[in-house]
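Asker: Protein sequences appear in the order of chains H and Z.
Once you know that position 24 of the first sequence is 24 in this note's numbering, the rest is easy, because the numbers rise by one and skip nothing.
Once you know that position 389 of the second sequence is 389 in this note's numbering, the rest is easy, because the numbers rise by one and skip nothing.
Please note that a few of the clues may not be correct.
[Unchecked claim] In the DSS-like style, the derived pairs of lysine-lysine whose C-alpha atoms are separated by at most 25 Å in a straight line are:
{"id": "1", "chain 1": "H", "residue 1": "Lys153", "chain 2": "Z", "residue 2": "Lys100"}
{"id": "2", "chain 1": "H", "residue 1": "Lys147", "chain 2": "Z", "residue 2": "Lys180"}
{"id": "3", "chain 1": "H", "residue 1": "Lys147", "chain 2": "H", "residue 2": "Lys63"}
{"id": "4", "chain 1": "H", "residue 1": "Lys35", "chain 2": "Z", "residue 2": "Lys180"}
{"id": "5", "chain 1": "Z", "residue 1": "Lys147", "chain 2": "H", "residue 2": "Lys153"}
{"id": "6", "chain 1": "Z", "residue 1": "Lys100", "chain 2": "H", "residue 2": "Lys147"}
{"id": "7", "chain 1": "H", "residue 1": "Lys144", "chain 2": "Z", "residue 2": "Lys180"}
{"id": "8", "chain 1": "Z", "residue 1": "Lys179", "chain 2": "H", "residue 2": "Lys147"}
{"id": "9", "chain 1": "Z", "residue 1": "Lys358", "chain 2": "H", "residue 2": "Lys140"}
[Said to hold, decoys possible] Restraint ranges, calculated between C-beta atoms of paired labels, are given here:
{"id": "10", "chain 1": "Z", "residue 1": "Asp447", "chain 2": "H", "residue 2": "Val75", "range": "55 to 65 Å"}
{"id": "11", "chain 1": "H", "residue 1": "Phe85", "chain 2": "Z", "residue 2": "Asp428", "range": "48 to 58 Å"}
{"id": "12", "chain 1": "H", "residue 1": "Gln36", "chain 2": "Z", "residue 2": "Thr56", "range": "39 to 49 Å"}
{"id": "13", "chain 1": "H", "residue 1": "Ile81", "chain 2": "Z", "residue 2": "Gly58", "range": "51 to 61 Å"}
{"id": "14", "chain 1": "H", "residue 1": "Tyr83", "chain 2": "Z", "residue 2": "Glu458", "range": "28 to 38 Å"}
[Unchecked claim] To give a feel for the contact side, a few chain H residues facing chain Z, derived at Cβ under 10 Å:
{"id": "15", "residue": "Pro88"}
{"id": "16", "residue": "Gly134"}
{"id": "17", "residue": "Ile146"}
If you are wondering where the hints come from, they were derived from the structure by calculation, not from laboratory data.
The beta-carbon is built from N, C-alpha and C at its ideal position, and this holds for glycine as well.
Here is what each chain is made of, one letter per residue.
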Amino acid sequence: MNKFLFSILLGCAVLAAQPGTNIQAVRAIRLQNLKQDYTGSTIRFIVPGSTSVMGVLKDVTDKNFIISHNGSPAVYSHKEINYIFIDPGFTGKLMAFGVGLLGGAAGYMAVIIARENANASWKGVVSSLGLALGGRIGFKTFYKPIKVDISGKTRE
Amino acid sequence: MKIAKYITLVLFSAFLLAQDGAILPGQKSAIQSLSTAAGFSSADLNTYLVQNYGQTLGGLSRTQGASVIKEFQTGSASKPVAAKQEADLAVASILETGMKKRFHFRDGSVRDGEILSIENETVAIKTSSGTFNIPSDQFLSETAEIKNKKGELFKGVVLGETAEEYIIRTSFGDAVVQKKDIQSMKRYHGGILDRRSEERRKFYQSEAQLISVFMDPTAFPLTGNTFYVSGLSIGYGLTDRFMITTKFGSDFNNDLNLHPRMRFYHRKSAEKEVAATWGVGIHRKYPSKSVIGKYSHAINIKRAGKTTPLNEVDGLTLDSVAFEDNGRRLYAEAFLVFSSRRVNPTGRGKIGWSLGAKVSNAFVGRNDIINEVTAGGDSISWSESPKYSVPFRTWLSLEYDLRKDLKFVGSAWVDNGYKTLSFGDTFDDYTDNFALDSPGGEVSMIDFDFGILYAVNESFRVGLHFQQPYIDFYWEFFEF
Chain H
1 MNKFLFSILL GCAVLAAQPG TNIQAVRAIR LQNLKQDYTG STIRFIVPGS
51 TSVMGVLKDV TDKNFIISHN GSPAVYSHKE INYIFIDPGF TGKLMAFGVG
101 LLGGAAGYMA VIIARENANA SWKGVVSSLG LALGGRIGFK TFYKPIKVDI
151 SGKTRE
Chain Z
1 MKIAKYITLV LFSAFLLAQD GAILPGQKSA IQSLSTAAGF SSADLNTYLV
51 QNYGQTLGGL SRTQGASVIK EFQTGSASKP VAAKQEADLA VASILETGMK
101 KRFHFRDGSV RDGEILSIEN ETVAIKTSSG TFNIPSDQFL SETAEIKNKK
151 GELFKGVVLG ETAEEYIIRT SFGDAVVQKK DIQSMKRYHG GILDRRSEER
201 RKFYQSEAQL ISVFMDPTAF PLTGNTFYVS GLSIGYGLTD RFMITTKFGS
251 DFNNDLNLHP RMRFYHRKSA EKEVAATWGV GIHRKYPSKS VIGKYSHAIN
301 IKRAGKTTPL NEVDGLTLDS VAFEDNGRRL YAEAFLVFSS RRVNPTGRGK
351 IGWSLGAKVS NAFVGRNDII NEVTAGGDSI SWSESPKYSV PFRTWLSLEY
401 DLRKDLKFVG SAWVDNGYKT LSFGDTFDDY TDNFALDSPG GEVSMIDFDF
451 GILYAVNESF RVGLHFQQPY IDFYWEFFEF
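Given the sequences, and given the hints that come with them, work out the whole structure.
Answerer: The structure is reproduced here in structure tokens:
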């Protein structure tokens, strides 16, 4: 009977240990991927205490992120950080604006084709609508942060 | 003419059907003799094929047949070992409380659910149909072979899957493979390749990655070292962000042309990919008649005080309007396109859109390419309407993965040079010089189109839609 109980306990311990082992291995690989993909990029993360930290990622060690703030390096522990955000830069804003401009141009073209003698009001209203719609789609598409998971979670 | 058209259509259909038919008898006998030479028994061969292709010898396609022959010839086909197979078919090696996914069982059943508890080797699993207590030895192992874009191959038990990654337990440790880096993937349940359930119900991306929707480009160019051939053009992906195409129909008519395309902005995560691309097209000797034909509705013919667009005047040909019979000049066009693709929340492939605009120099010096009067004394002039100030086209196209091998595609556009053509007229136009430049058709400057695109095999795609050119087909040869 004791042997049976011992076997059950041992079995449970092995099963319970699986996710733990897994978390460390998976997290290590994700940190490695983060270092490889985003070194030199501006990253943002929330440290305990709900403080948002932003800076250029310089290095990822086993325990810390090395971030550059205005040229001076700072070290943050990533122990309790599960997600990193990569914010879109100025180019993202330009792209969003570009989509808006295309929307405006499409609106203008549509109105001069659809109405033979379209007056300035028509042209202005439809172009502005196109610009606004295109701009909204552009910002939602091109001006959104990328969320990078560095947790050890293996499923959703 | 009609008979010739039907023969061409029948031949074309037969050609399309022939792209990936059932395995050829010659391929079958080659596989049998090669496998015998490699020491495979008939049973070994069937086991090998079912494990790797999900089919027996008779059920393979022509492409799969070629792939099997290649594996035997290169010696990469290894004989299935009975003990190993038994191990693969055994229990899932890792079952945890809280694991929530699609489980496959030894009796062939499949359940979506969450493991509530594991006690005395009995797993309580909660599904939408109720809670079941299932012995743990009934759960099939879930393994995968993943090849990433760098050529690395990972084999092991699938521990988990998120929107961004697969977590694989390999013999040498756990690997996290980002979905955006995956080139190909095979998934096995109990050691058997599960082609249908995985590929049809849930897949990361479809086989076709569109570089254009109908005739309009997307912001995603060909991947590096990929060769492209369609019915109108050929092209090559020089790098992952730069490609070049040429319209061979025009090339053979002394109008050498190049259409480079450059992706200048790109962001990609596993869930989403956005890009922006510019492109230009240069034609060395573009026929003036093509410009006149395309914009015939913008040319006014004044007869007895009445003005009528050229495309509505009976009995007036392009020859009587064009200033030179064989006039040609430099033609250039430029476009800008923004595209986005994201994972479909249903888990079945992706959804994407593209918004673009194109302009050309077709109206530069346009008065020089037409006569001032016809032989009959009617005056000819370009319309002064503002809609014909600049030749333009803007488009919004959509793509939606229906299955791994089937896409829904649609497009809406504003184009001051667009005319709809019937299928017969399009066919005549195309077979005339392998280009679409007919002056005919009904003016339709704001319009839309939709259709489907089918991936016949890994390199050949065929599409069907409801405006010209009605049928799309192209090949993409990777690592060419």
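Asker: All hints are to be evaluated individually against the structure, with a verdict given for each.
Answerer: Status of the hints after comparison with the structure:
no.: 1; hint: H:Lys153 x Z:Lys100; verdict: 13 Å, holds
no.: 2; hint: H:Lys147 x Z:Lys180; verdict: 14 Å, holds
no.: 3; hint: H:Lys147 x H:Lys63; verdict: 20 Å, holds
no.: 4; hint: H:Lys35 x Z:Lys180; verdict: 17 Å, holds
no.: 5; hint: Z:Lys147 x H:Lys153; verdict: 22 Å, holds
no.: 6; hint: Z:Lys100 x H:Lys147; verdict: 23 Å, holds
no.: 7; hint: H:Lys144 x Z:Lys180; verdict: 18 Å, holds
no.: 8; hint: Z:Lys179 x H:Lys147; verdict: 15 Å, holds
no.: 9; hint: Z:Lys358 x H:Lys140; verdict: 24 Å, holds
no.: 10; hint: Z:Asp447 x H:Val75: 55 to 65 Å; verdict: 59 Å, holds
no.: 11; hint: H:Phe85 x Z:Asp428: 48 to 58 Å; verdict: 56 Å, holds
no.: 12; hint: H:Gln36 x Z:Thr56: 39 to 49 Å; verdict: 43 Å, holds
no.: 13; hint: H:Ile81 x Z:Gly58: 51 to 61 Å; verdict: 55 Å, holds
no.: 14; hint: H:Tyr83 x Z:Glu458: 28 to 38 Å; verdict: 36 Å, holds
no.: 15; hint: Pro88; verdict: 7 Å, holds
no.: 16; hint: Gly134; verdict: 7 Å, holds
no.: 17; hint: Ile146; verdict: 5 Å, holds
The structure fails none of the hints (numbered hints given earlier).
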